[in-house]
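Asks: Sequence:
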Amino acid sequence: MSRREKHGAAEGALDLIERAMHLLRMAPLPTLLLFYLGAIPYLLAVLYFFADMAASPFADDRCAGGALGVALLYVWMRSWQAVFAQKLSTLATGKAAAPVTFGRFLRLYRFHLIYSAWALVLVPFSALVAVPFGWIYAYFNNLCIVDPEQGKAAAAQARQAAMPWPKQNHLLISVMAGFGYFILLNIVSLLAYAPGLLKSLVGIESEFTRSWHWMGNSTFIGIVIALTYLALEPLVKAVYVLRFQACESIRTGADLLADLKALPPRRRLAGLARAGLVAFLLFGALDARAAKKNDAPSIEVQELDASVDRVMQQREFTWRMPRAFNESDEDKGFFGKFMDSVFDGMESIVKSIGESIEDFFEWLGDRFTPEHRRSERGNGLDPAFFKGMSILLLVVLLTILVVFLAKAVLARRTSPPKLVEAEAATIKVDLDDENIMATLLEEDEWIAMARELAAGGELRKATRAWFLAGLAYLSRNGLLSILHSKSNLDYRRELVRRARRCPDVVPAFGENIALFERAWYGLHPASAEDLGQLEHNMERMRHGVDA
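Residues in the sequence shown are numbered from 387 upward in steps of one, following the numbering used here.
It should be emphasised that the hints constitute simulated quantities derived from the structure, not laboratory data.
Here a beta-carbon is modelled for each residue, glycine too, at the ideal position from N, C-alpha and C.
Derived DEER-like restraints, expressed as beta-carbon distance ranges:
1. Pro889 - Ile868: 19 to 27 Å
2. Thr605 - Thr487: 34 to 42 Å
3. Met601 - Val882: 20 to 28 Å
4. Ala580 - Ile822: 26 to 34 Å
5. Tyr567 - Trp598: 17 to 25 Å
Below, computed lysine to any residue pairings styled on SDA-like, alpha-carbon distance capped at 25 Å:
6. Lys538 - Leu506
7. Lys872 - Phe435
8. Lys553 - Glu634
9. Lys872 - Arg596
10. Lys814 - Arg862
11. Lys872 - Pro893
12. Lys872 - Ala440
13. Lys538 - Ala457
14. Lys872 - Pro581
15. Lys538 - Arg496
16. Lys872 - Ile590
17. Lys872 - Tyr434
18. Lys585 - Trp598
19. Lys538 - Trp521
20. Lys585 - Ile607
21. Lys814 - Arg596
22. Lys872 - Gly930
Assemble the whole structure, with the sequences as input and the hints as a guide.
Replies: This is the structure in structure tokens:
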């Protein structure tokens, strides 16, 4: 690709992504580990922070310190991303990479603490506004490529490199977003089917194989997004490294120097010699032309063009001419070849469908065209064709009308079915089943069952019925979410968060947990006093919620 094609008209987005993928394959493993050295601690801290804020009863006390730690780890990640991007930049240009010393990393951390911290606010806001998102996203990626030693000048350089070629920039973002979407689907599929695969191969039974409710957990969604980021972001950084170099090469010509350094020494010297010889001959020819300008006869431009065209039409020259609109497959790249094959397949499918429809209409027209007029019919549609189609549609409509009329008459003649009063459905509940859900019955039904069991002398089962009645009541009032995967301790933590306006509910529920677990799981036998305390706590929870 020539310099004019590469910079004057902007390189294609797919070609740039392909070159970035090749650059990542060339990068050694320690360079890739630099990216993950910064990204993995930050993502783990974010997942832990959100999980802790959602489940911990001490969330109010830990929120400020945890948020500060996550922010500092974000700057840590941006600093290592800058080291990674600069390593890729030196790999692409062939320059020697500067060593990462402790002092240099501190200056890098300070630079991104000042300039990159705004990405947490500006990038989501610009994504909602949509218009400036492309430029802001490119700017914060360019901050990882510039030299932090220059301070404000480096930030201005990143801002200037984000402005050129907006079409290429937005197309890059669109393609990478689609690529990330498919990566996310693959990760979700892998994590969703891995427990079932382990169960079929090894026989491991877990909570993940019993139901699919865990896929709606916020922790699972966060893990999927984090893994997608780890897979996609190195490619994004490589793409913007090449784009930044292309923007800077317009001013510095660094791409030509890199191509020249990539040549072998002999070819480099030969190229320099040829360039010097061409320059010498060019300047000599210009001097000779200037000296003989007044003596040289004038040549008409149109006559010269006509003469050149006549010569180029001769047989000995036409075979050297390139074919028109014949692009080489090697210049298209992988994505170009793939899209060409997709478009060719779609074109052939549409063409075959069109030919099939045309053949069907020709056959249908022949069915309704007399024999003596088929030979006289031209290439256009014959009026007899439309007449036949009208008759066919009329027959179809009459058939549908007759069917509906027949159904209506039969429906009137048949007597309506006798309504039989259905018996009330009863749900059989086995209190010995550990997987029983509290939402299976209402709290009043649990209470009636508990009193019936207590009257029959089954105090242990009555204890569990009273406890399930409390869970059902709290679930109906929106204070608890009943799930198989939650323990009683999880229910108590959730109630602490949701029932802050009901101070009497949490102690009563805590006493019910102690009474139930002591009788159901422990060695302490259930007694009538325990049942009375459970009923009293149930009334306390009702009064506490209604207050």
